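Trainee: What follows is each chain in one-letter form.
Protein chains: 2
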Amino acid sequence: MKNILMTIEYDGSSFSGWQRQPEARTVQGELEKVLSQVCSTEIRINGTSRTDAGVHAYGQRASFKGEWSIPTDRIRIAANNLLAGGQSGLGSVGDVQITEIEDVPADFHARFNALGKTYIYKIRNCWEKDVFDRNYSYQITRKLDLAAMRLAARQMEGTHDFKCFQASGGKEMESTVRTISNLQILEDVLGEEVNPEGYQDRILTIEVTGDGFLYNMVRIITGTLVDVGTGRISHKKIPEIIQGKDRQRAGHTAPPQGLYLAEVYY
Amino acid sequence: MKNILMTIEYDGSSFSGWQRQPEARTVQGELEKVLSQVCSTEIRINGTSRTDAGVHAYGQRASFKGEWSIPTDRIRIAANNLLAGGQSGLGSVGDVQITEIEDVPADFHARFNALGKTYIYKIRNCWEKDVFDRNYSYQITRKLDLAAMRLAARQMEGTHDFKCFQASGGKEMESTVRTISNLQILEDVLGEEVNPEGYQDRILTIEVTGDGFLYNMVRIITGTLVDVGTGRISHKKIPEIIQGKDRQRAGHTAPPQGLYLAEVYY
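Those protein sequence lines, which keep their order, are chains A and B. The numbers in the first sequence follow numbering that gives the first Met the number 0, run straight up by one, and end at 265. The numbers in the second sequence follow numbering that gives the first Met the number 0, run straight up by one, and end at 265.
Errors might be hidden in some of the hints.
Each pair may be met inside one copy or between any two copies, as identical chains are not told apart.
Derived pair list, reagent style DSS-like, types lysine-lysine, alpha-carbon separation capped at 30 Å [unchecked claim]:
id : residue 1 : residue 2
1  : 64        : 235
2  : 64        : 128
3  : 1         : 128
4  : 244       : 121
5  : 244       : 64
6  : 236       : 142
7  : 32        : 128
8  : 142       : 128
Derived from the structure by calculation, the hints contain no laboratory data. As the structure is a computational prediction, the values presented were derived from the model and not from experiment.
Model the full structure from these sequences, guided by the hints.
Mentor: If you want it as structure tokens, here you go:
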């Protein structure tokens with residue numbers, strides 16, 4: 000019995016999320032279809048994270064078991080070829096591809112063995128919106144107070160009961176205590192001019208690493224940081240919001256298109 | 000009677016091209032629908048360039064005439080709001096927006112008055128394909144000979160009969176003589192490492208400016224330059240290909256997703 004671990008990159012724009020669904024195009028569904036064809040046996044894969052519709056990944060992981068004769072790296076090449084629509088179309092590229100593939104011990108499981116993950120959330124804080132970035136960032140045209148957002152982010156780091164950042168509708172977790180080992184906001188200024196709103200156009204990249212995340216947790220953390228940036232929530236209230244364990248007191252849920260599963264740690 | 004000139008930006012990925020069609024979503028169709036609503040009268044616009052399905056624009060131009068009371072800049076704001084789906088959806092952005100708008104003299108026409116245009120064509124010449132760039136560039140994984148491509152490009156500059164670069168199927172032009180005033184290939188190297196194919200990953204940007212372009216001319220020029228880059232066509236054959244006036248002797252037609260209408264000159 001072989002056990003294989005893949006690293007997967009996808010543009011979530013045209014997918015109804017990761018998880019297999021009978022009637023919808025999902026990342027898991029597309030991968031299982033193509034891998035079953037390549038391995039000539041029915042393949043079921045276990046992904047590390049069940050990303051929502053519109054959410055992207057640079058480094059999703061998934062593992063699968065079975066018996067087949069095709070060498071491991073050939074699986075990657077053949078599957079990517081099918082995912083790109085075969086040879087048809089000049090320079091055609093799929094919206095999901097396998098970037099790495101390796102054999103792992105029989106008892107390895109992509110989700111249960113994960114020790115932690117890094118997510119990235121991209122905010123385009125520019126005076127003018129960009130049509131080309133509409134599926135790839137959260138576009139906010141008013142100036143965000145980055146210093147206040149960074150103070151707020153610092154208060155979210157560490158081990159806390161993060162119930163306030165858990166969306167309803169997800170699976171109820173036995174414990175809502177998680178550890179955020181790193182939460183930082185990087186700033187890339189675009190150009191040198193000050194825009195008519197009085198600030199420099201920029202991309203803000205929120206990088207968050209933790210041992211696990213509750214349903215919609217990164218998007219609610221981001222929405223809360225944005226609400227701090229616009230002044231709707233004071234950064235001083237963050238400890239109180241966390242202690243309150245009440246979703247209603249945290250900020251809004253940022254939209255899916257700015258979110259990227261960046262890396263999984265084993 | 001007012002006459003208004005717009006600059007328009009769009010992501011062509013989800014459009015069946017520029018030109019209005021009864022059953023398909025086109026850029027012209029979407030703009031006319033929204034402008035008619037904003038101006039409370041039926042609007043018909045004249046675009047400078049009838050871009051194909053999948054082709055993008057940073058600076059398409061279009062003009063329209065009529066009578067209405069709404070101030071010109073309010074038209075832009077109201078139309079962009081509707082194009083972005085109104086207020087619904089956090090940070091929502093449309094795939095087409097009006098970036099500039101101005102009143103012009105009554106006899107001005109966006110297409111007939113255009114003196115020239117610049118198109119950009121993006122080639123992603125990297126060892127690994129990128130799912131996020133699949134709708135925005137032509138992805139070529141084998142190394143292209145940039146020096147040969149630049150020699151070929153230089154031979155295409157100037158005033159020539161460009162019949163060899165005209166696709167069949169377009170409107171027959173009375174004359175196929177055009178002037179390319181500038182054709183250059185810019186190189187942006189990504190990172191510092193040499194990839195396993197023995198070259199550095201890079202983006203090649205073809206910039207071409209001319210007084211007018213035949214049907215699919217920029218895509219055929221690009222395909223011919225790529226064929227020079229892969230060695231299929233010698234750069235020394237370019238003058239002969241142009242003089243032959245035979246589409247069959249030129250290179251392939253590069254796919255639409257790498258092409259951007261960048262600027263129109265009046």
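Trainee: The structure should be examined with respect to each hint, and the outcome stated for every one.
Mentor: Structure-based check of each hint:
no., hint, result
1, 64 <-> 235, "neither (49 Å within a copy, 55 Å between copies)"
2, 64 <-> 128, "between (45 Å within a copy, 27 Å between copies)"
3, 1 <-> 128, "between (48 Å within a copy, 28 Å between copies)"
4, 244 <-> 121, "within (26 Å within a copy, 49 Å between copies)"
5, 244 <-> 64, "neither (40 Å within a copy, 58 Å between copies)"
6, 236 <-> 142, "within (21 Å within a copy, 55 Å between copies)"
7, 32 <-> 128, "between (37 Å within a copy, 21 Å between copies)"
8, 142 <-> 128, "within (13 Å within a copy, 35 Å between copies)"
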